[in-house]
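*Asks:* The listed protein sequences derive, respectively, from chains A and B.
Quick note on our numbering: the first sequence kicks off at 1197 and runs consecutively.
Quick note on our numbering: the second sequence kicks off at 8 and runs consecutively.
Hints are supplied without guarantee of correctness; some may be wrong.
Stated by the list, open to error - Computed list of lysine-lysine pairs in DSSO-like fashion (alpha-carbon distance at most 30 Å, straight line):
| no. | chain 1 | residue 1 | chain 2 | residue 2 |
| --- | --- | --- | --- | --- |
| 1 | A | K1546 | B | K47 |
| 2 | B | K56 | A | K1616 |
| 3 | B | K30 | A | K1432 |
| 4 | B | K47 | A | K1299 |
| 5 | B | K30 | A | K1236 |
| 6 | A | K1221 | B | K12 |
| 7 | A | K1300 | A | K1340 |
| 8 | B | K56 | A | K1300 |
| 9 | B | K44 | A | K1299 |
| 10 | A | K1391 | A | K1415 |
| 11 | A | K1664 | B | K56 |
Said to hold, decoys possible - Not the full set, but computed from the structure, chain B residues with beta-carbon under 10 Å of chain A:
| no. | residue |
| --- | --- |
| 12 | A20 |
| 13 | K30 |
| 14 | I34 |
| 15 | D35 |
| 16 | F36 |
| 17 | A57 |
| 18 | F58 |
Read the hints as simulated data drawn from the structure, not as lab findings.
Each residue gets a CB set at the ideal place from its N, CA and C atoms; glycine is no exception.
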Amino acid sequence: MIENLNKKTRKFKEPDYYNSNGNKKYSLLPFRFHRLNECKEIIVNEIGDFLIIPNGTTEKIITKNVDPSFDKELYEDLVANFFITEEEVPQLLDIIATRYRTKKSFLDNFTALHIFVITLRCEHTCHYCQVSRVSQDKNAFDMKQHHIDKGIELMMRSPNKNVTMEFQGGESLLAFENIIYAVERTTIEAAKNHKNVTYVICTNLALLTEEILDYCKDKNILISASLDGPAFIHNKNRHRPQKNSYELAIKGIKRTREVLGSDRVSALLTTTALSLDYPNEIVDEYFNLDFKSIFLRPISPYGFALHNEKKNKYQTSRFLEFYKAALKRIIDYNLQGHFFREEYATIILKKILTPFPVGYVDLQSPAGMINNVIVFNYDGKVYATDEARMLAETNDFTFQIGDLEINTYEEIFYGEKAIKFSEACTNESLPGCSECAFQSYCGSDPVFNHTTQGDIFGYRPTSSFCQKNMEIIRYLFELMESDKKIADIFRNWTN
Amino acid sequence: MFLVKLQSNYETADWENILQRIKRDLIDFKLRDIVTKETKTIRELIVAKAFAYYDLDYNPFTDVSDPVGFNPHDIK
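The following block holds chain B by itself, in its conformation from the complex:
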């Protein structure tokens, strides 16, 4: 747990607004931390694949079908 002391350099300060923003920012940074930790591996994978010096020599297997139903492996 942390204790944070705030001191204004001016005669007046809108403390309600400042505290609201600080609380909001703390939540935001917590959320960012969650995303960073959960997506670390995928992010590294994206960058590694983006700059890897190789050619795909296979067709990626996926359930996503061609929008007009064309199947290059089943042409009659």
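The following block holds chain A by itself, in its conformation from the complex:
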């Protein structure tokens, strides 16, 4: 028989312990709130934990009118989820701090994605493209080998052990010999610098050959293709003189899957004004081609509607209608037993439902520019993001942060411009964002702010970035609350 039981190790304390705080007022921990709809509010704390509560409850919490006995379940939820504390400094403060650090752990390793714009030449003339050129002059529009060398040198300087080398264009395959040069050189440098390198080629697949596929298989290169939907949308968006962009893309995807494997080729959708009328058709196209996901990327402002608030807002409202219709179609497929996810929603859901950060540049705070991605352009100039180099094609060089010919690693990554942009990179300190309930799930995009509103900080009331993200996040919460099956599907997407 155990006589000297050490009661401190017992799971449960004496009953009085649990009643002792009955008359004591609690203290608030940092959180923000938002009205989800007419009936429900959401409160979200500093580390992204959330509670959905009836309208009016937030006021009750903040005015310290939640009673531990009368509102027992709510009170316990608030304490357990770090919205209130019974001590001035919560006992689990270190846990909260550790979780906060985890949310920001994408900063630990610095730049991962290095984009090499290997050529500006292209044989398509997509109407939404800002960088399209058709030229025989390789010297003018292909990346020089000494620029490739310098870009690789800077990539090796990244503190990140795992880096991605992504070849973009124009049409990358038009300069395939330079891709070979870059990959061979990087393989040698990566071994010296103990780096793991992932290679990606972004291509329209129109110029794909067996030799190219064999090389990609040998070097374990991923292919990122473009597919805007069924033929009538894709060919309208992505014009070729022979009007066969869709057919070539499909043929390329199928052949790439056969040679490299299904998981080595992905397709990216560019949403245009035409796309907005055909959400179901676009989703069905991806599903019928055996893709396991589709990325409904927000409509890009870089091709049109610059500095035009009304057109931006109209387009954003239309995009949101398109997005919700497409998401409904995707959820229907999942309810039928198929696994088919939407990538933008998955990125947000990972931020909501898991303690971990995501690597999507446009939804990070601090913003992914420079911290996560850097662009080495065909002419040797260095840009903070891919959109930044698109802006440069319209003679706006605001986000050009260096030159491979002249600048050192420190001058590019820690230079004056990088420091200046960092002031607008954290949504925790931006007006409008600092008080937003969805701050933990959203990000900051100074390039977008500058492009659409003329200011890197942005103005939230008329920001289409804000309008779009707030509504998508709100809608995802509403869907999860409305149907447990949808909540389960969403959790499955984050695994």
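Here the structure of chain A is known, so what remains is to put chain B in place on it, guided by the hints.
*Replies:* What follows is chain B alone, placed relative to chain A:
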């Protein structure tokens, strides 16, 4: 005290709805202000601890017990 004048740019406006939303927003911002002021220090503490470059060299003292009653300091 502030006097706020509202003027519509359109011929008709749903004033009842607009006024209700404004009053609701004013309450919401007042509540946000309360939370911001009360939690300013804790928020700074969380961020400071999250990014402080140090290791914990002590076990945090707490009344929260191990769920299965295991006490590493009292193993018999």
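*Asks:* Against this structure, judge whether each hint is valid.
*Replies:* Do the hints match the structure? See the list:
For the proposed pair A:K1546 and B:K47, the alpha carbon gap of about 28 Å is at most 30 Å, so the pair holds. Taking the CA atoms of B:K56 and A:K1616, the gap is near 26 Å; set against the 30 Å cutoff, the hint holds. Taking the CA atoms of B:K30 and A:K1432, the gap is near 49 Å; set against the 30 Å cutoff, the hint is violated. Restraint check for B:K47 and A:K1299: the C-alpha separation of about 20 Å stays at or below 30 Å, so the hint holds.
Distance check on the hinted pair: B:K30 and A:K1236 sit about 18 Å apart at the alpha-carbon level, within 30 Å; holds. Restraint check for A:K1221 and B:K12: not satisfied, since their Cα atoms lie roughly 40 Å apart, outside the 30 Å limit. Note on A:K1300 and A:K1340: the hinted pairing is violated, with a Cα-Cα distance of about 36 Å set against a maximum of 30 Å. For the hint linking B:K56 to A:K1300, the alpha-carbon distance of about 13 Å falls within 30 Å, and the restraint holds.
Between the alpha carbons of B:K44 and A:K1299 the distance comes to roughly 24 Å, so the proposed pair stays at or under 30 Å and holds. Between A:K1391 and A:K1415, the direct Cα distance comes to roughly 15 Å. Compliance with the 30 Å bound is thereby established for this hinted pair. Pair hint A:K1664 plus B:K56 does not hold up; C-alpha atoms about 33 Å apart against a cutoff of 30 Å. Among the interface hints, the one on B:A20 is violated; its C-beta lies about 18 Å from the nearest C-beta in chain A, farther than the 10 Å criterion.
Given hint, B:K30 at the interface with chain A, is violated; its Cβ is 13 Å from that chain's nearest Cβ, farther than 10 Å. Hint on B:I34 holds. Least Cβ distance to chain A is approximately 7 Å, under the 10 Å limit. Taken as an interface hint, B:D35 checks out: its beta carbon lies about 8 Å from the nearest beta carbon of chain A, inside 10 Å. Taken as an interface hint, B:F36 checks out: its beta carbon lies about 8 Å from the nearest beta carbon of chain A, inside 10 Å.
With 10 Å as the threshold, the beta carbon of B:A57 comes within range of chain A, its nearest partner Cβ sitting at about 4 Å, so the hint holds. Given the 10 Å rule on beta carbons, the hint for B:F58 holds: about 7 Å separates it from the nearest Cβ of chain A.
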